[in-house]
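Can you make the complete structure from the sequences, with help from the hints?
Chain by chain, the residues run as shown.
Protein chains: 2
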Amino acid sequence: MDNFAFHNPTKILFGTGQIAAVGQEIPQESRILITYGGGSVVKFGVLDEVKAALAGRPLFEFSGIEPNPTYETLMQAVELVKRESIDFLLAVGGGSVIDGTKFIAAAACWGGSDPWDILLDGGATVKTALPMGAVLTLPATGSEMNCGAVISRKETRITLPAANGANAGVSMITKSQQDKLYFMHPAVYPRFSVLDPTKSYTLPPQQTANGIVDAFVHVMEQYLTYPVDAKVQDRFAEGLLLTLIEDGPKVLAEPENYAARANIMWTATMALNGLIGTGVPHDWATHMMGHELTALQGLDHARTLAVILPAVLEQQRDSKREKLLQYAARIWDLHSGDEASRITAAIAKTREFFESLGVATRLAAYGVTAEAIAPVLAKLEQHGRFPLGERQDVTLDASRRILEASL
Amino acid sequence: MDNFAFHNPTKILFGTGQIAAVGQEIPQESRILITYGGGSVVKFGVLDEVKAALAGRPLFEFSGIEPNPTYETLMQAVELVKRESIDFLLAVGGGSVIDGTKFIAAAACWGGSDPWDILLDGGATVKTALPMGAVLTLPATGSEMNCGAVISRKETRITLPAANGANAGVSMITKSQQDKLYFMHPAVYPRFSVLDPTKSYTLPPQQTANGIVDAFVHVMEQYLTYPVDAKVQDRFAEGLLLTLIEDGPKVLAEPENYAARANIMWTATMALNGLIGTGVPHDWATHMMGHELTALQGLDHARTLAVILPAVLEQQRDSKREKLLQYAARIWDLHSGDEASRITAAIAKTREFFESLGVATRLAAYGVTAEAIAPVLAKLEQHGRFPLGERQDVTLDASRRILEASL
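Top to bottom, those sequences are chains E and G. Residue 1 is where the first sequence starts when you use the numbering used here, and the numbers rise one by one after that. Residue 1 is where the second sequence starts when you use the numbering used here, and the numbers rise one by one after that.
Derived from the structure by calculation, the hints contain no laboratory data. These numbers were taken from a predicted model, which means no experiment stands behind them. Hints should not be assumed to be uniformly reliable.
Heads up, the list lumps identical chains together, so a pair's fine if it works in one copy or across two of them.
Unchecked claim - In silico SDA-like pairs for lysine to any residue, Cα to Cα no more than 20 angstroms straight-line:
1) 11 x 148
2) 349 x 242
3) 11 x 187
4) 11 x 184
5) 127 x 24
6) 11 x 191
7) 154 x 20
8) 11 x 279
9) 127 x 25
Given below as structure tokens:
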């Protein structure tokens, strides 16, 4: 086991009815900004429930935080925060709203000239942030109990020549954001997060499935590297994977199955709250490539992961051999046959699991072709991501092979 | 899964050499009291290492905190804290030193007349406590990452008539403390704890074994109850049990096996930091009976647990049936035979595991006879412990049967 520091100060309030406790968690004198996305928290009454729990308090609202929340939108909230002397932020939604609110919290206290720098330096120059809490509606990213956030910028869209020769010379603007970057800082750990599984009952199946895949891949990126004899971390990771495999299909089949929704929600939180990643190597190659694919091609975040992960496992099967065999045995009960066939079968099982949730695992299924690869590699290079992987051996060339294997 | 709140703010610094970081974790202006037990932290250089990390800082020392730390000893430290205006406590040792330091931290800020009341009300009237940190040398109790403490009081020893009729009328004073009680309060979470596995290399085998049993029983008391479909908590608990079973014998055979010592240390911390106990029923019957046995008979804490737990499982086998079968299958790989025989085998395996560590599982092995039972039951009643168990069905009579089955 490698040396580590672990410190997660977020208070979790888990279970049905816990939104009512929000009022006690926010200092009495606070001027509170509730942040959210689009219509679902309004439509299904979550916003009303939150406001009822804060009745009589100075409340402000900021809506319109997008999936892949953008700098441009969030900076409007930062202005509102300053104008109204907001001193507590309450995110109501999924990972995008919580991530976006973390950026608002940090940017509102930012001393530099352009808060986008927070993303460019990964959070290194953040000093402080407004306190924030969260009410989670979509189990997926773990943002409700960690100090990271992923933010996109749409201002400078990428310009590509039209593929069709007939339009030669006519440039096209893609629909996607150019940049999707992350930052991390202890100041943006939510002070508390409410995890009420019933609030995930109304999620569309695609979002439910995406959340399961996102959590699964978070676990894999902290687990499927090389062994360092960290038995607790390995077994915790395996426990999360098995729970996703068992209860993922269940929540899709029975959206109002409380026990299964609760297990999925707690699993997604535990998948990326730092605990299973303590003292072990990490491999964030899948996420790094996935972020660029989302930024350039507009694919759902989780769908990029479902495409990239199996290709990463396949391309890195030699350097990940020992953990792939452990994964094959403990997760997929694969004990017979030679090592190579067990590894092949485990990767196939992973792909089948994602597909069984309705999440395609090939770029082709999303209409993305080989031409998309070069821009992704260029962006990875521009963002200083190489080399990737737990052994720092996923170079630009290796990444090209992974992306080609994802087609 | 039941509703829950989870909030654990302790920062963990894990690994070899981490004591050097202690200075950065304690506010610069603090007047620091280092608390410890007997000779081992002096003899093996841990104390010197801590003092070197705090060189030039205002340091005070309080030694002599016993196993089963006593109110009488700790109140001397409280006086020292007040006299020297101490404002940070640093516990260096195992669970007894850390527990004792939590009491010092709370008692030093106590507004009432007698800090023993903190134990009598379980911490309910604690308002605040001095900040504290810990340097752990003995993985066992989990005190380094929780907000509980167990304190004994020796002042009023129990008076029993001599067993031998020849001495009729001559009262005898037992050697043990009369009371062993616990309190819990969020104010006594350590601000940080250093977990350096190399500091456990020099533990005597009996203390190493006791620590493994203590952690094992902590897990069981949060796991072996009745199912509430809490898959993450179950699998995390099972991961801890399997790690103790695998690496427990290893650290006894190879005291300087870093990987195994690290796994045992992290397991013991995770066994009682609140995480595996979220949202599930608990059964602390074993600990409650064990505390009285230690107080009255002077048995090591872990040895009381090794004796009581198998008897609790046996006596409660009907109400714990489903989890006993899950435990049999997932921990001991018992899949064949009828339910009753699998449960019997799982309990036998538990007993064998403790015995394999050199920890006897019968009261007789410690020279404790049936006469010891009535005083234990009387103390449990006096302390208001009945009914015990996750279903509140372990009455005084049921406890008598458990203790008789422990002989």
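Against the structure, the hints:
1. In this assembly of identical chains, the alpha carbons of residue 11 and residue 148 lie at most 20 angstroms apart whether taken from the same copy (16 angstroms) or from different copies (18 angstroms).
2. For the homomeric pair residue 349 and residue 242, the shortest alpha-carbon distance inside one copy (13 angstroms) is at most 20 angstroms, but the shortest distance between copies (26 angstroms) is not.
3. Taking the shortest Cα distances, residue 11 and residue 187 sit within 20 angstroms of each other both inside one copy (14 angstroms) and across copies (15 angstroms).
4. In the homo-oligomer, the alpha carbons of residue 11 and residue 184 lie at most 20 angstroms apart both inside one protomer (18 angstroms) and across protomers (17 angstroms), since each shortest distance falls under that limit.
5. Within a single copy, residue 127 and residue 24 get their C-alpha atoms only as close as 27 angstroms, which misses the 20 angstroms cut-off; across copies the closest is 17 angstroms, which meets it.
6. When the C-alpha separation of residue 11 and residue 191 is checked against a cutoff of 20 angstroms, the pair qualifies both within a copy, at 6 angstroms, and between copies, at 15 angstroms.
7. For the homomeric pair residue 154 and residue 20, neither the shortest alpha-carbon distance inside one copy (37 angstroms) nor that between copies (45 angstroms) is at most 20 angstroms.
8. For a Cα distance limit of 20 angstroms, the shortest separation of residue 11 from residue 279 across copies, 14 angstroms, qualifies, whereas the shortest one inside one copy, 23 angstroms, does not.
9. In the homo-oligomer, the alpha carbons of residue 127 and residue 25 lie at most 20 angstroms apart only across protomers (18 angstroms), although the nearest pairing inside one protomer, at 23 angstroms, exceeds that limit.
Checked against the numbered hints given earlier, this structure breaks only hint 7.
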